[in-house]
Amino acid sequence: MLRESVELTGGSIDFEGLTDPSCTEIRGIPNSRELLQFTNACMGVEGADPETARQALVDSMGAAAMIDTAGVISNFQRMVRIADAIGIPSDGPMQVMSEDLREQLGINQYVSAANSSPTPFFKRWMLKLIGVRMFRKMIREASTP
Amino acid sequence: MREISYSDAPWPVREDFAECHNRYWRRLAAPGTWFTSAERVDIAREIRQAQYCDLCRRRKESLSPYTVDGTHDTVTNLPDVVVEVIHRVTTDSARLTKSWFDGIMEQGLSEEKYVEIIGTLVALFSIDEFCRCLGLPLNELPEPQPGEPSRYRPANAAYDGAWVPILPMRVDTGPDADLWEGEMRGYVIRALSLVPDEVRNLLDESEAHYLKVHEVWNVTRPPQGTLTRPQTEVVAARVSALNGCFY
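Taken in sequence, the protein lines are chains V and W. Here my numbering runs 91 ahead of the position in the first sequence, where the first position is 1. Here my numbering runs 83 ahead of the position in the second sequence, where the first position is 1.
Because the hints were derived from the structure by calculation, they are not lab data. The hints are all genuine.
No more than 35 Å apart at the CA atoms, straight line, and that leaves these computed lysine-lysine pairs for DSBU-like:
hint : chain 1 : residue 1 : chain 2 : residue 2
1    : W       : Lys-295   : V       : Lys-219
2    : V       : Lys-214   : W       : Lys-181
3    : W       : Lys-295   : W       : Lys-181
4    : V       : Lys-228   : W       : Lys-295
5    : V       : Lys-214   : V       : Lys-228
6    : W       : Lys-143   : W       : Lys-181
7    : W       : Lys-181   : V       : Lys-219
8    : W       : Lys-143   : W       : Lys-295
9    : V       : Lys-214   : W       : Lys-295
Looking at chain W on its own, in the form it has when it is part of the complex (with noise of 0.2 Å):
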C-alpha cells in the first residue's frame, strides 16, 4: 500500500495527521466486522462518487429529498439500499428521518452492516475533507486484503434512544471497556458502538483532528496544534450549523 504523505503540501503538515490517516487506511484495507476489504473499499468509492450524483444533487436542491425519485449514478456493484445509505449520508445527512432509517431495515440491510457504513463513511469522508480544504489531491484508496469479516457483535448492545442498539454510557469488562477508559461517554461516541472498531477508528482520528476523547470535557483544553479551544469550537459550530446538526 502507498503511504499516505502531506510532504509535498505548499505547507508543512503536522506529522501525526499522516500517521493517522496511515492507520486508517491500512484497517481500511483489511477486512471488517461485517463486510469483506473489497466490499470496504468499494463503500469507500462510492462515498467519493455520491458528489457527483445527479439524483442526490437533485434531492439536495429540493424541498424535501423524499419527493424525488431516481436511480443513483454509481461506480460500484454494491446492492441499491448499500448505494442509498452510502450516498444519502455522504450528501445529505441533515434530513435523514427515523422512517427513511426504517425503510432502509427494510429493504434487508441489517443494523451491524449500517452502522460499518456509517463507520467507514464518516472516517474516509473526514480524510477527504481534511485533502479538500488544503486544495490536496484525495489519497489513493488502498488495495484490498484478503480475510473474513470477524462478525463480531457485543452482546450488551442494547436499544437506547438511538435508532440502532448502542453500547451503555459506561463499560468497565470486557472486550470493549478499552473505548470507556473507566469514564462514561455521550451518545455521539457511543453512536457506532454497535461496531466497536468502528467506535476506535473515531477516537483514533478524533485525536488527531481536534482532541482527545477524555479531554473533550477540560473544555480550556486547546486542541493539538495552534488553535484555542474557543477558537475551535466557533469552527465546531459553524461547520455544525451548516450542516443543519441539532446534536
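Next up, chain V with everything else stripped away, as it sits in the complex (with noise of 0.2 Å):
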C-alpha cells in the first residue's frame, strides 16, 4: 500500500529502513523522523522514550498529527493480530507485488510467512500477467478524484 501510494503521487522512497528499529528516517516522507521516533516508543524499542517522542512528534506537526498517529499505531497492533491469530494467507495478487519488497526487507523470514505458501508457477504467472495488472487498474481507479 505504502509503495502504490508514493507512486501514485509522484514520489519516491527508499523503503531499505521500515523494517530495521534502528532507522530513524525515511526519504521521501515528511516528519519520517518524528514519527518512527514515536512509533518506536509507542511499541517499546529500546531507548525510545514515549513523553520525548511525543513532545518531538507535536512539535514538528502538531497534537492533532501526534493523536492521528497514535490512531494508526493503534489500528495496526490490531491487524497484525488479526492476520497472525486467524493464520490468513497473503491476498494473491498482494502476494506476487510484494515479492521483491518482501525479499529486500526480509519479511519472508517470518514465523507468520509459513501461512502463504508459496504461489504455484503457472498461478504466479497468470497472476502476473492478468491478476495483478488488474489489481493496479482497480487501485489507480479507486484512487482516481
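Starting from the two chains in their separate frames, assemble the complex, guided by the hints.
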C-alpha cells in the first residue's frame, strides 16, 4: 500500500529502513523522523522514550497529528494480531506484487510467512499477467479523484 | 456505564475516537455471539493482565516460546485454554503457528469461541494501545449486562486458506451482506467473519483510527485527520515490522 501510495502521488522512497527499528528516517516522507521515533516509543523499542517522542512529534507536526498517529499505531497493533491469530495467507495479487519488497526487507523470514504458501508457477504467471494488472488498475481507478 | 471521554487529555482529541470507543464499550458490556457479557469483560481483564504475566515474559524472551513451560498469571476464572489464547496473542502473536492453533482446538475450544476471543482481544487492545500511546490512563471496563449469547453462525462460512472458516470474498445477500457493501474483501477483513459482529467492530474502529474499509484502495486518500497517506503507511509498516507480521 505504501509503495502504491507513493508512486501514485509521484514520489519515491527508500524502503530499506522500514523494517529496521534503528532506521530513524525514510527519505521522501516528510516528518518521518518524528513519526518513526514516536512509533518506536509506543511499540516499546529499547531506548525510545515515549514522552520525548510524543513532544517531538507535537513540536514538528502539531498535537492533532500526534493523536492521529496514535490512532494508526493502535489500528495496526490490532490488524497484525488478527492476521497472526487467524493464520490468514496473503491475498494472491498482493503476494505477487510484493515479492521483491518481501525479499529485500527480509519479511519472508517471519514465522507468519508460513501461512502463505509459495504461489504455484502457473498461478503466479497468471497473476503477474492478469491479476496484478487488474489489481493495479483497480487501485488507480479507486484513487482517481 | 461511565462514558469514555478524552476531554481531560493534555491535547484536544478528535471526538470520533471517544465516540467509537464508547460504541465498542457498549458492545463489550452486552452478551456476545458465543460468550456472555461477564465472560467478555473477563476476557478484557485478562488481555490487560497478559502484559504482567511472568510466563509470557519468559516466553517472549526465549528463542522459542514452545520450550518454556509454566502457568499464566491470571486474574479471572476463565478456562486455561482461553487464558493461553489471550496471553499468547496479546504478547507474542508473531510466533503463533498452526500447530499451536491445532493444540488449542484439541483442548476443546470451538472455532467460533476462538474467533470471538480474538475479536474482543484486538478491539480492546487497540483502544488500550491508543491510550498508552497518548500517555493516558486506560478506560475503566464496563459492567457486564444480563442476557444470553446469540450463538449465530453464518451458514456460508467455509475453510478458505485461514485456520478457521471464513465468509467468501464477496457476500451480496443474507444477514451479513452489510459487511461487504457490494465489494470484494481481502483476507484481513474476512478473517473474523465466522463471528460477523467482530467484523462490524473492526470496521467501526477502523473508520476512526485509519480509514473506512472501502477507502483503503484509494491510495491517495488521506486517513481521518492530519497525516498524508504515505505518512500513515510508513507508521503502519513500522508497526507491522516490529510485530514481525508477514501480512
